[in-house]
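K.L.:
Spelled out from the first residue to the last, the chains are:
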Amino acid sequence: MDEAVFRARGLSKVYRVGEVEVHALRDVDLELRRGEFVVMLGPSGSGKSTLLNILGGLDVPTSGSVSFLEHDLSGGDDRALTAFRREHVGFVFQFYNLIPSLTARENVALVTEIAANPLDPAEALARVGLGDRIDHFPAQLSGGEQQRVAIARAIAKRPDVLLCDEPTGALDFETGVRVLEVLERTNRELGTTTAVITHNASIAGMADRVIRMRSGRIVEERRNERRLAPAELTW
Amino acid sequence: MRALERKLLRDLWHLRGQAIAIALVVACGVATVVTTRVGYESLRESQAAYYTAYRFADVFVALERAPESLRRALAAIPGVAAVETRVVAEVTLDVPGLAEPATGRLVSIPAPRAPILNDVHLRRGRWIEPGRPDEVIASEAFADANGLEVGDRLGAVLRGRWQRLRIVGIGISPEYVYEIQGTNLFPDNRRFGVLWMSRDALGPAFDLDGAFDDASLQLAPGAREQDVIDRADRLLDRYGGLGAYGRKDQISHSFLSDEIRQNRVFGTIMPAIFLGVAAFLLHIVLARLVATQREQIAVLKAFGYASLDVGLHYLGMALACVIVGSLLGAVLGLWWASAINRMYAEFYRFPVLRYAPSATVVAIGAGVSAAAAIAGALSAVRHVVALPPAEAMRPEPPASFEAGFFESTRAYRRLPASLRMIWRNLARRPARAALSVLGMSLAVAILIVGYYFVDAIDYLGTFQFRSVQREDVTVLFHDPRPARARHELRALPGVLRAEPFRVVPARLRHGHRQRRVALFGIEPGSELRRILDADGRIVPLPREGAVLTAKLAEILAVEPGDELRVEVLEQGRPVRSVRVAGIAEELIGLNAYMDANALHRLMREGDSLSGAFLRVDAAQAAALNTELKRMPAVAGATTRLAALRGFEDTLAKSLDVFTTVLVTFAAVIAAAMVYNAARIALSERGRELASLRVLGFTRGEVSVLLLGEQAILTAAAIPLGFWIGYRLCAALASAYQWEFFRMPLVVSTRTYGFAVVVLVAAALASALAVRRRIDRLDLVAVLKTRE
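Residue numbers (our numbering), protein chains in the order written: chain Z, 3 to 237; chain E, 189 to 975.
Keep in mind the hints are simulated off the structure, nothing from the lab. Heads up, a few of these hints could be off.
Derived Cβ-Cβ restraints for the label pairs, each shown as a range [said to hold, decoys possible]:
hint	chain 1	residue 1	chain 2	residue 2	range
1	E	SER606	Z	GLU115	46 to 52 Å
2	E	SER606	Z	HIS201	40 to 46 Å
3	Z	GLU191	E	ASP497	29 to 35 Å
4	E	LEU956	Z	HIS201	45 to 51 Å
5	E	ARG616	Z	HIS201	32 to 38 Å
6	Z	GLU115	E	ARG204	24 to 30 Å
7	Z	SER217	E	ARG616	33 to 39 Å
Take a look, some chain E residues computed to stay more than 12 Å from chain Z by CB distance [unchecked claim]:
hint	residue
8	LEU192
9	ARG301
10	ILE368
11	ASP497
12	ALA574
13	GLY649
14	LEU684
15	GLU742
16	ASP795
17	ARG873
18	TYR924
In this text the structure is predicted, and so the values were computed from the model without any measurement. Even glycine gets a Cβ: it sits at the ideal position worked out from N, Cα and C.
Given only the sequences and the hints, what does the whole structure look like? Please build it.
P.N.:
Rendered as C-alpha cells:
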C-alpha cells in the first residue's frame, strides 16, 4: 500500500466564466497510494470535483503536474487521456448517469466491451447484489439499485482506480450505506485504489485517509487509526 | 450485438416518428435520382442502339424533284458515307372509324427488302412485296391509335387519284421515334401517321419515276456536318432543294434529345432539394438528441470511449435513416421509373425500350444521400462530441434570451404573453427558424413547379387554339390553286367562312444567320387566324414587310425595321429583300407572316392560294369531312378541336404521373419539416410547458404556445415558397424555349392555392400528431427530474 499511484504537484485550475475567472484549484499537492481508500471532504465549490476530474483524466490542470504511474495526465493529449480512462479508471457519479435505453447488463457491457480483462457483466452485477435484476432498464430500478449498477459498471473492467463523485448524494441513508458497503468490499477484495468525494463528513470514518478541501486548497489531511465498516456510520 | 449498437437501435426506436420522417425525405431524394437516371440511361441507350442498328441518317433534305442519277453526286460529297434517295409525300387518308380526314406521310422503301438508311423495324406482319402497289407498312403509333391491324384497309388520295391501301405490316423507324407532324406541339397519332410504301408504286403516283424528292445522308467518321450541308444545298439548289439539315433539326431526334437532357436537369435539381432538406432535418434532430444526451456522451467518454467512437455512434443514427430511406427510395424510384418508362413507350417508339435499372444508379443515389446526411449530422454532433467530458458532465447552461429591437417597441408590449414567448423562441434561434421556413417553402416551390407545367401547357393550348387559331378546319392543297378555288371551298357543305392563305417555304437570312420557315400570306383583317403580340393584342399586318414570331426574330437577331433576305424555295425561287415590320408572340413553331397581297407581289403571281382556314357549321361537319377526304387537290385537312383534344389527352397522360409524385414528395417534405420542428420544440420545452400546465394553463393554451410557433413558420414559408416557386418556373421557362414551342411563364392562382392547401394540410396533420403528445405530458414526472 506504499507505492504512490497518483502524484500531483502544484495543481491549479482556472475557469473563465464570462468575464470572471474562477480559481477552482490553487496549488494542490497530493499523492494517492495503491489500494488506498481516500475520502475527500468539502463544501460545494471547494474544488473537490475539479480535483477528481483531473485525477480521472476528464479535465486537465491549468498549471502544475499530475501523473498516474508512468502516465502524464497534465499534457492534455485527448488520445492519451482517453486511453488512460479506458484502461485504468472506473467512475461513479452522483446521478448514476446510466444510459436509459440500455438494461443493467448492457450498461455494464458498454464498458466491458472496450476493456482488456473485464469481469463478466453478470458477475459484476452479482457483486453489487443485483444478480436478479440484470435485464431491467434504469427506469425500472430504484435510485440505490441504479447507483449499484453504476458501481458494477465502474468495477467490471477491473480498474486500477475507482473515482466516486458524491455516490450517496442522491440516496436515502439505508440505500447509501448499502452502496458504501459495495465500494468498501470492492476496495478490500479487488484492491482497487478508491477516492470518494462527498460533503457528508460521516463517510470519512470508513477511509484510510481523509482530505478536507476549501476554496480550492487542501486544508487538512488525516489518517484514520481504524476504518469503520459502513454499517457503523450514521448521518 | 454490442451495447452501443443496442443503444443506437433503442434510440432510433424512441425517435421513430422523426427518423421515419427523415427516411421518407431521403427516400424522395433517392427516388428522384433513381428515376431520372434510369430514365436518362434507358432513353439514351435505347436511342443509341436503335440509331446504330437501323442506320439513322445524319443529314436530311427535301427537294422538289431530282433525277435518280443525282444520287451519285450526293454520294461524292466529301464526308458522305451513304446516301438514300426516297419519295416522300403527304396525302389525305380516310381511316376507318375516324370522322375527319387524317394526314398520311408516305415514305418509299425498297421491295423486296434491302438495307437502307432510316430502316424500318417490323413489329408484326410482313414486308411489302414487289408488284403489289397497294401494300403499305403502317407506323405503330398510328396503327395503335386507330386500332388498325395487319390486313386492314385505308383510303388515300394519291395525287388526285383515290386509292385503297392495304396494311401488310406494322413498323417503326428511327426517323419517327417521336411521330409528330411538322410544327405540332404534341403528336396526334390518330390524325397523322407514316406509311411505308414501295418506291415502285410511290414514284409513278407522284410523277417521280426515276426521280426522288427526299434524301438522307450518312456521314463518314470525322466529317463536318455543316460542310456536307452546304455542299448538298448547292448541289440541290436547282432541283428545288428545301435546305438540308442535321439531326439537331430533325424533329423526332430533337424532341427525344430534349427529353434526355431534361432528365439530367431534373435529376440534379430535385435530388438537391430533397437531400438538402434531409441534411437540415438530420442536423436539427441530432443536434437536439446530442443536447439531451449530453451527459450520456460524457459518461461514454469518461469510461474511455474516444470522441470518434461517440461521433460514429450518432452518425450511425443518420446512416440508419439513409439506409432505410435509400431502400425505400430505390423501390419507389424503380416503380416510378417503370411507370415513366411505360409512358415513354407510348410517346417514343423503340424496337426495345431498355429498362435497365443498374445497381450503380441506386448506389449513386444512396451515396449522395449518405453524403448529405453525414454533412447534416456532423455539423450537429461535432461540437458536443468534442466537448471535454468534464464539461459535458455539467448540464447545458440555460438558454440566454436577449431583448431585441422589436421587443422595445410599443407593438411588442401590447402582445399577449403567449405571443411574446413565441416571438422570443423564434428570435433566439433565427438560423433554425429561417431554415425551417426555407425547407417548407421548398415544399411549396416544388408543388408550384409541378403544377406550373399544367398551367403553362393549358395556357399554351388556350393561346394557340383559341386566340391565334380560330378556324374550325384548315385545308391545305398540294399545289397553289387559282383564286377561284376559294369559291369552290365556300360551296362545300357547312362552310360558313373561308379565308384563303398562301404559304411558301423560304429561307430567311440576316447576316450569317438563317432559318428555313413557312412564310404565310394572310388576308388583311383575317378573323380566323390572328397574329398576337406579347400582351395578346392583335398585330395588324402591314401592307409591306413581314411579321416574325419572337423566337424567329431572336434566332435571326432582327428587330422591326431590319431588312431580311428572303429566299423562296419553290416556284422560280425568287430572292427578295423584306423589311421586318413587327414581332408576334406565338408560342408554337417558327413562322413569318405577310399580307397575302404583299406575298403575291413578292412571288410575282396572281391571287393564288395554298389553302384556307374555314369556319364550319358543326351540324354539317361530317358531310364536309367526307367531301374533303375525296377532294383530289386537298393534301390535308386539320380540325382545330380535334387537335386541341389530342393535345389535352396527351398532356393529361404525360403529366399525371409526374404531378402525383411531386405532390406526394412535397407533402412529405412539408410534413417532415413541421413534425420534426414541433417534436424538437416539445423536447426542448416540455418542462416549461408542463410547468405552465401546473400553473393552470389549459392543454389548448399550452398547445398554442408550441404549435403557434410552427404556424408562424408555416405562414412565413408561403410567400417565400411562392417566390422560389415562381423563380424556378421562370428558370424552367427560359430553359424550355425550344424552336417547336416556348413554355410561357404563367402560374395560375389555382396552382398557388393548391400549394398552400397541401402545405397547410401536411402541417395540420403533423401538428395533430404532436398535439397528442402535449396532451399526454406527465406533469409530476417532468417537475421531478433534475435540470
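K.L.:
For the pair E/SER606 and Z/GLU115, does the Cβ-Cβ distance stay inside 46 to 52 Å?
P.N.:
49 Å, holds
K.L.:
Indicate whether the distance between the beta carbons of Z/GLU115 and E/ARG204 respects the range 24 to 30 Å.
P.N.:
Holds, at about 26 Å.
K.L.:
45 to 51 Å was suggested as the range; check whether the CB atoms of E/LEU956 and Z/HIS201 agree with it.
P.N.:
49 Å, holds
K.L.:
Would E/TYR924 pass as off the interface with chain Z, using Cβ distances and a cut of 12 Å?
P.N.:
E/TYR924 clear of chain Z: closest Cβ-Cβ about 52 Å, beyond 12 Å.
K.L.:
Would the least Cβ to Cβ distance between E/ILE368 and chain Z come out above 12 Å?
P.N.:
Non-interface label on E/ILE368 holds, nearest chain Z Cβ at 62 Å vs cutoff 12 Å.
K.L.:
Compute the least Cβ-Cβ separation between E/GLU742 and chain Z, then decide whether it is above 12 Å.
P.N.:
64 Å, holds
K.L.:
Indicate whether the distance between the beta carbons of E/ARG616 and Z/HIS201 respects the range 32 to 38 Å.
P.N.:
36 Å, holds
K.L.:
Taking the minimum C-beta separation from E/LEU192 to chain Z, is that value above 12 Å?
P.N.:
6 Å, violated
K.L.:
Beyond 12 Å from every Cβ of chain Z: is that where the Cβ of E/ARG873 lies?
P.N.:
20 Å, holds
K.L.:
E/ASP497: least C-beta distance to chain Z exceeds 12 Å?
P.N.:
8 Å, violated
K.L.:
Are all beta-carbon distances from E/LEU684 to chain Z longer than 12 Å?
P.N.:
81 Å, holds
K.L.:
Evaluate the condition: distance from the CB of E/ASP795 to the nearest CB of chain Z exceeds 12 Å.
P.N.:
91 Å, holds
Taken one by one, the earlier hints fail for this structure at numbers 8, 11 and 12, listed in ascending order.
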